[in-house]
Every structure is written in structure tokens, then in C-alpha cells.
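Take these sequences, add in the hints, and give me the full structure.
Here the protein sequences come in this chain order: A and B.
Take 1 as the starting number for the first sequence in the working numbering and just add one per residue.
Take 1 as the starting number for the second sequence in the working numbering and just add one per residue.
It should be emphasised that the hints constitute simulated quantities derived from the structure, not laboratory data.
Hints are not guaranteed to be accurate.
No farther apart than 27 Å at their CA atoms in a straight line, the calculated lysine-lysine pairs in the DSS-like style are these [said to hold, decoys possible]: (1) B:K178 / A:K107; (2) B:K97 / A:K108; (3) B:K97 / B:K178; (4) B:K5 / B:K97; (5) B:K276 / A:K107.
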Amino acid sequence: MEQIKIASPKRNGEGIFPFLTAAAAVSMLLLVGAIFLVVLWGAWPALRAFGPAFLFSAVWNPVIDVYGAAPAILGTVITSLLALALAGPLGVGTAIFLSELAPHWLKKPVSFLVELLAAVPSVVYGVWGIFVLVPWMRTGPGLFLESRLGFLPFFQGPSIGVSVLTAGLVLTIMILPTIAAISREVMRAVPQDLREGLFALGATRWEMITRVVLPVSRTGITGALLLALGRAIGEAMAVTMVIGNANVIPVSLLAPAQTAASQVVNEFPEAFGLHLSSLLLLGLLLFMITLLINLVAVWLVYRTDQWSSGARQPGKLKGKGVAGHA
Amino acid sequence: MPDTKWRLVKSFVPEAVCRLAALLVISVLFLILYYIFQRGAGVISPAFLTALPTPVGVPGGGIGNALLGSLVMVALGALLAVPCGVAAAVYLDQNPKSRLAAACRFASRVLTGVPSLIVGLFVFTLLVLRTGQYSALAGGIALAVMMMPVITLSAEEMLRLVPNSWREASLALGASKKQTVLRLVLPAAAAGIAVGVMLAVALAAGQTAPVLLTALTSIFWPENLLQPTASLPVLIYTYAISPFADWQQQAWGAALVLVVMVLMLNIAAQLFIAVKNRRG
Numbered sequence: 001m002e003q004i005k006i007a008s009p010k011r012n013g014e015g016i017f018p019f020l021t022a023a024a025a026v027s028m029l030l031l032v033g034a035i036f037l038v039v040l041w042g043a044w045p046a047l048r049a050f051g052p053a054f055l056f057s058a059v060w061n062p063v064i065d066v067y068g069a070a071p072a073i074l075g076t077v078i079t080s081l082l083a084l085a086l087a088g089p090l091g092v093g094t095a096i097f098l099s100e101l102a103p104h105w106l107k108k109p110v111s112f113l114v115e116l117l118a119a120v121p122s123v124v125y126g127v128w129g130i131f132v133l134v135p136w137m138r139t140g141p142g143l144f145l146e147s148r149l150g151f152l153p154f155f156q157g158p159s160i161g162v163s164v165l166t167a168g169l170v171l172t173i174m175i176l177p178t179i180a181a182i183s184r185e186v187m188r189a190v191p192q193d194l195r196e197g198l199f200a201l202g203a204t205r206w207e208m209i210t211r212v213v214l215p216v217s218r219t220g221i222t223g224a225l226l227l228a229l230g231r232a233i234g235e236a237m238a239v240t241m242v243i244g245n246a247n248v249i250p251v252s253l254l255a256p257a258q259t260a261a262s263q264v265v266n267e268f269p270e271a272f273g274l275h276l277s278s279l280l281l282l283g284l285l286l287f288m289i290t291l292l293i294n295l296v297a298v299w300l301v302y303r304t305d306q307w308s309s310g311a312r313q314p315g316k317l318k319g320k321g322v323a324g325h326a
Numbered sequence: 001m002p003d004t005k006w007r008l009v010k011s012f013v014p015e016a017v018c019r020l021a022a023l024l025v026i027s028v029l030f031l032i033l034y035y036i037f038q039r040g041a042g043v044i045s046p047a048f049l050t051a052l053p054t055p056v057g058v059p060g061g062g063i064g065n066a067l068l069g070s071l072v073m074v075a076l077g078a079l080l081a082v083p084c085g086v087a088a089a090v091y092l093d094q095n096p097k098s099r100l101a102a103a104c105r106f107a108s109r110v111l112t113g114v115p116s117l118i119v120g121l122f123v124f125t126l127l128v129l130r131t132g133q134y135s136a137l138a139g140g141i142a143l144a145v146m147m148m149p150v151i152t153l154s155a156e157e158m159l160r161l162v163p164n165s166w167r168e169a170s171l172a173l174g175a176s177k178k179q180t181v182l183r184l185v186l187p188a189a190a191a192g193i194a195v196g197v198m199l200a201v202a203l204a205a206g207q208t209a210p211v212l213l214t215a216l217t218s219i220f221w222p223e224n225l226l227q228p229t230a231s232l233p234v235l236i237y238t239y240a241i242s243p244f245a246d247w248q249q250q251a252w253g254a255a256l257v258l259v260v261m262v263l264m265l266n267i268a269a270q271l272f273i274a275v276k277n278r279r280g
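Dropping the structure here:
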């Protein structure tokens, strides 16, 4: 008779195994904290030198070693809100199509294509932006806006292609899949009986969508929009390549400007001392803002997710299309 | 009812708008892919894929060292991120309701939304600034930070698909928790976890900012992990913003190589999931 080996916790390192897995889980938390502390440490000299004035000063001058982030902050706010305003309706519309309107055979392939759009690296969007979108904006829509609406301060020319508007358009394309994919997930989780109930009452499909699907998934869609906003704010490479990198307070949408992320990427190679520290302070601001937005967004998206977890299909990879680019 | 027709029209118009929105989104993808293929295909040749870059104006430059550098850094990132990410997923799977699990899950989701530029700044300040040396090692660590939350979240999802009755059977047979995880649960979920890793690799391969800030770039073959190293995305970026026509041309070619690699990984992962879902 063969001897039966009984697993002894001590001998097999059983004691250390749960400890190791828990340590890995803790490391995820530590990572968030470490990112904050390390960047704060690097940004400390600039934080001490300028304090809150850093946010409001428009002077960024490495020669006299004085730095203020107002142009970068404004550029970030304008480009990302522009992108959100354009991508929001388009993305939610696409999600409605994917979740409610598309014939069954079309749903999967189109959803897959939307996810592919999220997988394209941001530097590739940048290449496309710099060589295709920028020349087109210079001669096409940019010139049109300049000649027809140039009397308005925010469409003042000359339209040279690289501009706040071009950056906003590239960001729009980049955050579209985030909005569409997450909103679709949230809408799909709306219980089927609610839909059938409205149909039974004689509602048309659109009435069903506006009275059941959208209200029920409202929180989740808000979360999706916030996640997309976070991505737009933090996007570095593609924006750097098409915004023109001019350190000015952006007034006209057709003029070059910069965002916090593009300024960091652009000036990083030559920076040292207080200049470098100021760039890290910009990074710290970005981190805190995107962290805050993500905290709220994740809470909103996954709260609805938990609420309807019974309706979820198993075997689907989640968390895709949420991942950051650059 | 005279009202019905009007209600149908009111229903049809916004539906059509949604259909158009979806069409527009898909067209944008195809438009971008079209340009990448059209402008990039002519550049690609065996020599382009294997040669070192040449100075401006000297013909015959390639992306060999950038391809190898990317490969090294992504592999290094995966080597660091996979064990740690899967271990965290095992914890989440074993203690799904614990407070630490909730916090870890939350942190992972938040981390996937942290701009990659910040990850670059983090590793730069931590390693490059201290040692005064841009390196492939720092690049690999930055990529590992990007990959870890993605791997953890997808691996947890995959571990959860392993039926609980299997675990109970294993424990009932006298296996320890560790044996159950290592010999039963992880092998059963291995294929699914591999899909998550593929997606994380695809994500890491396309990252520019974290690599630019940590590994910088180089015009030589990578020789060891402690020196500046070229990578495909950084090469694309530098070539695209350069004023030289031949470099810009090569940027299209390199972008095509990167897009094909990343999309292949994504398509393979999706196909795999589709096959698995069909089998049940």
C-alpha cells in the first residue's frame, strides 16, 4: 500500500503563501502612494519656491528661473473639455447603437472594432495627426473658420494647422472608444425585464431607450465620461505632436498652445534644477486631478456594475478600453 | 391613433443619429488604418526591420535596434508584472470580500486610469534622477507599473471562472490551499490569464511617454540593461516631429510595424475569448 502524503502546512511553505499573495495585493496600494510621494518629492523645490501662485502665473521663463502653470492648465482644460463635448454625444450614441439598435450579428464585430480603436497607441494617433489632420485643418476647416468667423476672438487666425482645435479633435478620437465601450457595458447590464415592460406598455424603441435604458445607466455613463475626461487630461504624446507647443494663454482655438502633459514631454530633455522640479509639479497636478476624477469615475461605474452583477455574462474581459495611453 | 405615426418618426430620427455616430466612429478607425498602411507599407523591407538607424540623408536606415529595445523592455516589464499581478489576483480570488481586496481592486482600476506620463515621471524621479542614468531597466520597470493593474484585473476575472466545486473537491481530497491554487486553479485559468497578459503586452508595447522619460533613446544596439535604449514608440515620435522627409517616411513605416503588432495581439486575444466562450 502506498503511503499517503498528507499536506502539512508548515512543511510546504503554506504559511508563507497567503502572505505572498497578500503582499502582492498590498503592493498595488503602495504603488499609488509611492507614485504620489516620489513625484511630490521631486516637485517639492518648485512647490516651496512658488506655492499656490504657480497655478495662476503665466510666466514660464527658464532664463530667470520663474515658472507658472496658468497657460498649461488652461490649455489642458480647454482641449479636454472640447474633446469631451465632441466625443460624449458620439460615444454615447455609439453605445446606444451597440447595446440597443444593432442587429445581433453586428453587435460583436462592431464592439470589437471600437475596442481596437482604443488599442491603437497614442503615438500612432500623433503620426496621423501631424501628417494628415494638421495639413487638412490648415487648409480646410481652419481656413473656413478663420475667414468666416475670424471676427470672433476664439476663431482668430492665422490658421497654421497645429492648434488647440486640432489637439481637441485628436483627443476626441482617442477618448471615443473609452466612452463607447464602457457606456455599452453599463447599458447592457440594464435588466431585460425593464425593457420588455416598456414595450408591453406600447412604447417605441426610442421611448424605451430614453425612459428606461438611459435613466438606469445614467450613473455608469457619467463614470464613463469622467474616465474619458481623465484620459484626455493626461494624454501626452499625441497632443504634443499637434498642439504646436506655444507657451501662451490660449485665446483662439486656431492658435498653437500647450497642455500640462505636452509641456512636460516637450521640455523634459533640457530641464534641470528648478525647471525640472516645476515640470514635476505640473506632473503632480496632473496626477492629483486624474486620480480624483478616476476615484469618482471608478466608484460610479463599478457601483452600477455591482448593483446589476447578476445580469453580467461570465467570460468577458473587463477593464479594457479603460487603460491609459501615451 | 394619429399620434402613433408622429411617435414613430420621433423614434426613428434619433435612432438614425445613433447609427450614424457608430458609423462615424468605425470609419475613423478605418481611415487611420488606411493612412498607416498606405504611407507605411512602401517603407517596410527586411533591411528596414533589421538595420540600425542612419543619420539624416543617409539612405538605408532601419528600426532594428528600436524593435529589439522595445522587445527587451516589454519582456522585462512582463517578467516583473506577471508574477506580481497574478499573485495579487490570487489574493483577490481567495479573499474576494476582504477589505484589502476591495482596496486593491479599487487601486488597480484607478491605476489603469493614471496617465502613463505620470508613471514615466515616477520612475524617472525614483531611478534615473538618482543614478543619473537612463536605462532599459528603468524603462522595463515603468512598463511593469503600467501592466500590473491590467494583468491583476483580467486574471482575477479568469480565476473567478474556475468552478468553486473544483476547489472544494481539491480541498476535500486533502490538498492544501496552496496546492489547490498552484496545481488546479492557476492551470485551469492559465489560458485566460495568458490573454490578459497579451493585452497588457500590447498596451505596454505602444507606450511612449514612460519609455521616453526612463530609457530615452539610442542609435546603437542595446548591449546591456543599464544604458539608454531605443524603442519603437520613441523612434516614431522623434522621427515624426523631425523636419526631415526621409525620417518622416520612416516614422510611417515604424508606425505600421507597431500598429500591426499591437492589433495582432488584440485580435488574437479576442479570437481566443470568442473560442472559449463558444465552448462554454
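Each hint tested on the structure:
{"no.": "1", "hint": "B:K178 / A:K107", "in the structure": "41 Å, violated"}
{"no.": "2", "hint": "B:K97 / A:K108", "in the structure": "32 Å, violated"}
{"no.": "3", "hint": "B:K97 / B:K178", "in the structure": "19 Å, holds"}
{"no.": "4", "hint": "B:K5 / B:K97", "in the structure": "52 Å, violated"}
{"no.": "5", "hint": "B:K276 / A:K107", "in the structure": "18 Å, holds"}
Violated hints, in rising order: 1, 2, 4; the structure is consistent with all others.
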